[in-house]
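Undergrad: Below, each chain spelled out in residue letters.
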Amino acid sequence: MTESEYTIQKIKNGTVIDHLPYLTHLWLVGKILKFHKLDEPVLIASKLKGENGYKGVIKVENKALTQDEYNKIAIIAPDATVNIIENYRVVDKKKVELPDVLEGIVKCANEGCITNNERWAKSKLNVLDRKPLELKCHYCEHTFGRDNVYIL
Amino acid sequence: MTEHNFEGRDIVSINDFSREELEHVLKTAKSMEALTRKEGHTFLEGYVMAALFFEPSTRTRMSFESSMNKLGGKVINVTDAKVSSAVKGETLYDTIKMVESYSDVIVMRHNKDGAARFAAEATGKPVINAGDGKNQHPTQTMLDMYSIQKTQGKLDGLTIAMVGDLKYGRTVHSLATAMSHYNTKFRFVSPSFLQMPDYSIKELEEKGLDYSLHKDMNEVIKDVDVLYMTRVQKERFSDASEYEKAKDMYILTGNMLEGAKGNMKVMHPLPRVNEIQPSVDQTAYHYYFDQAANGVPIRQALLALTLGVMR
Ligand SMILES: [Zn+2]
Chain A
1 MTESEYTIQK IKNGTVIDHL PYLTHLWLVG KILKFHKLDE PVLIASKLKG
51 ENGYKGVIKV ENKALTQDEY NKIAIIAPDA TVNIIENYRV VDKKKVELPD
101 VLEGIVKCAN EGCITNNERW AKSKLNVLDR KPLELKCHYC EHTFGRDNVY
151 IL
Chain B
1001 MTEHNFEGRD IVSINDFSRE ELEHVLKTAK SMEALTRKEG HTFLEGYVMA
1051 ALFFEPSTRT RMSFESSMNK LGGKVINVTD AKVSSAVKGE TLYDTIKMVE
1101 SYSDVIVMRH NKDGAARFAA EATGKPVINA GDGKNQHPTQ TMLDMYSIQK
1151 TQGKLDGLTI AMVGDLKYGR TVHSLATAMS HYNTKFRFVS PSFLQMPDYS
1201 IKELEEKGLD YSLHKDMNEV IKDVDVLYMT RVQKERFSDA SEYEKAKDMY
1251 ILTGNMLEGA KGNMKVMHPL PRVNEIQPSV DQTAYHYYFD QAANGVPIRQ
1301 ALLALTLGVM R
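Line by line, the protein sequences are chains A and B.
Each residue of the first sequence is one higher than the last, beginning at 1 in the working numbering.
Each residue of the second sequence is one higher than the last, beginning at 1001 in the working numbering.
Derived from the structure by calculation, the hints contain no laboratory data.
Be aware that one or more of the hints could be misleading.
To be verified - In silico lysine to aspartate or glutamate, DMTMM-like type, Cα no more than 25 Å apart, as pairs:
#1 Lys-136(A) with Glu-1205(B)
#2 Lys-1185(B) with Glu-1206(B)
#3 Lys-107(A) with Asp-1016(B)
#4 Lys-1070(B) with Glu-1100(B)
#5 Lys-107(A) with Asp-1198(B)
#6 Lys-122(A) with Glu-1121(B)
#7 Lys-122(A) with Glu-1100(B)
#8 Lys-136(A) with Asp-1016(B)
#9 Lys-107(A) with Glu-1090(B)
#10 Lys-1202(B) with Asp-129(A)
#11 Lys-136(A) with Glu-1206(B)
#12 Lys-107(A) with Asp-1094(B)
#13 Lys-94(A) with Glu-40(A)
#14 Lys-1167(B) with Asp-147(A)
#15 Lys-107(A) with Glu-1121(B)
#16 Lys-1202(B) with Glu-111(A)
#17 Lys-1097(B) with Glu-118(A)
#18 Lys-1154(B) with Asp-1223(B)
#19 Lys-1207(B) with Asp-129(A)
#20 Lys-1027(B) with Asp-1104(B)
#21 Lys-131(A) with Glu-1121(B)
Isolated chain A (complex conformation) (with noise of 0.2 Å):
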């Protein structure tokens, strides 16, 4: 049996996410989606042979996504495919997409930031580019890129 040859089991209704990056960034999707807060079987897969080397492939079980979820998960795996299952069938596929504006969903990484000092206020970051991810902060101005992203 060859690599290639895995397959996960299929889910009946829900989402399956591919072309996740292989490792590392899985764990993340999985906090995205707040895996344990869900109630339904989650399949995830790891380092599976795809058309351009490694990939994950998370699968989840009566789940889709909010826009939200989109954005977060196109910051860290801007290749990433979503498909929609219902009764075992691909319904729907759609590729992610970052925004132009990102508000609330990645911090600031600028600690002077008035947005990281000040109670209830929220992040609003541009996105100037997004291959390789550079987003600039409304406010401080600050630019960052991928290694400084975090998600909240």
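Using the hints, position chain B with the ligand against chain A.
TA: Just chain B with the ligand now, kept in the frame of chain A:
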């Protein structure tokens, strides 16, 4: 001709202004300087400016207060802003909501980056940023431009050297941005670990502007129209011996100015420590005190424009 309407507008960041808008502010400042004492005194009668300084800055506060007073407006001072509210745990948002009901325009200095934009979004009253942490100090940049225009008779086609701590100095980043609207040649002089940040350099490269990096100030003095000096702040250095090494590398003395162009002016955002020796004050090249004084017409212009008293 484009109509400019600054009424109700916030003055938060130099990046919010187009070249035409900046020139409109400079033009208005010039007309402010031409006002007689009597004419000026009625302009902002009945208006109240709140000076909200969460971080002390006597120079900037006095300049704003003087600007408002000269135009007949009133100033309410929240000098102990830090003590009275922030320490008690009041949010900036709530402080602004309190101050907005007592004033027509809010001038704020704050130690956190981005505080000015945050305050501006909390209120419909115009907010003028008098410095927000390491981020912006737009009225300083405008008075720098005004000083350049006044001494050089133009803004286009000049060679400007910026000397000192260019990495952390917000005034030089903003001035570089402002002057990049023009065909400016930039000469950046600093120790390599305090050079201009990448994003500033990238901005100049994208605009195709001429710039060069230097370690020795003497390489550029004879060629420049403006020598913009800045302070090297001790707190920027992690190592005290590094500071001792750097601090004296960029000290300007009167003799060093021999052979400089006749129109050349030495500028500095002040306060200076020892980077400009008193011998420079004795030469015709020094301009920093006049530069600071130019803050008044600039701030008068911004107060009158944002309050909608002038267009
Ligand atoms: Zn920020």
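Undergrad: Hint by hint, say whether it matches the structure.
TA: Verification of the hints:
Of the supplied pair hints, the one linking Lys-136(A) and Glu-1205(B) holds, its CA atoms being roughly 19 Å apart against a limit of 25 Å. With a C-alpha separation of about 14 Å, the suggested pairing of Lys-1185(B) with Glu-1206(B) holds against the 25 Å cut-off. Using a Cα cut-off of 25 Å, the hinted pair Lys-107(A) and Asp-1016(B) holds, with the two alpha carbons roughly 23 Å apart. Restraint check for Lys-1070(B) and Glu-1100(B): the C-alpha separation of about 22 Å stays at or below 25 Å, so the hint holds.
Among the hinted pairs, Lys-107(A) with Asp-1198(B) is consistent with the structure: their alpha-carbon atoms are about 22 Å apart, no more than 25 Å. For the hint pairing Lys-122(A) with Glu-1121(B), the CA-to-CA distance comes to about 12 Å; that is within 25 Å, so the pair holds. As the CA atoms of Lys-122(A) and Glu-1100(B) are separated by approximately 21 Å, the hinted pair is consistent with the 25 Å bound. Distance restraint check for Lys-136(A) and Asp-1016(B): the Cα-Cα separation of roughly 14 Å lies within the 25 Å cut-off, and the hinted pair is therefore satisfied.
Among the hinted pairs, Lys-107(A) with Glu-1090(B) is consistent with the structure: their alpha-carbon atoms are about 22 Å apart, no more than 25 Å. This hinted pair checks out: Lys-1202(B) and Asp-129(A) have alpha carbons roughly 14 Å apart, not beyond 25 Å. The suggested pairing of Lys-136(A) with Glu-1206(B) holds, with an alpha-carbon distance near 18 Å, which does not exceed 25 Å. As the CA atoms of Lys-107(A) and Asp-1094(B) are separated by approximately 22 Å, the hinted pair is consistent with the 25 Å bound.
Proximity of Lys-94(A) to Glu-40(A) is assessed by CA-CA distance (about 22 Å); at most 25 Å being required, the pair is judged to hold. Proposed proximity of Lys-1167(B) and Asp-147(A) is supported: the alpha carbons are some 21 Å apart, at most 25 Å. About 19 Å separates the Cα atoms of Lys-107(A) and Glu-1121(B), which keeps this hinted pair within 25 Å; it holds. Simply put, Lys-1202(B) and Glu-111(A) have alpha-carbon atoms about 24 Å apart, close enough for the 25 Å limit, and the pair holds.
Restraint check for Lys-1097(B) and Glu-118(A): satisfied, since their Cα atoms lie roughly 15 Å apart, inside the 25 Å limit. At most 25 Å may separate the alpha-carbon atoms for a hinted pair to count; Lys-1154(B) and Asp-1223(B) meet this at roughly 17 Å. With a CA separation close to 18 Å, the supplied pair Lys-1207(B) and Asp-129(A) stays within the 25 Å bound. Restraint check for Lys-1027(B) and Asp-1104(B): the C-alpha separation of about 23 Å stays at or below 25 Å, so the hint holds.
In summary, the hint linking Lys-131(A) to Glu-1121(B) is not supported, as the alpha carbons are separated by about 30 Å, beyond the 25 Å threshold.
Hint check: a violation occurs at hint 21 only; the rest are consistent with the structure.
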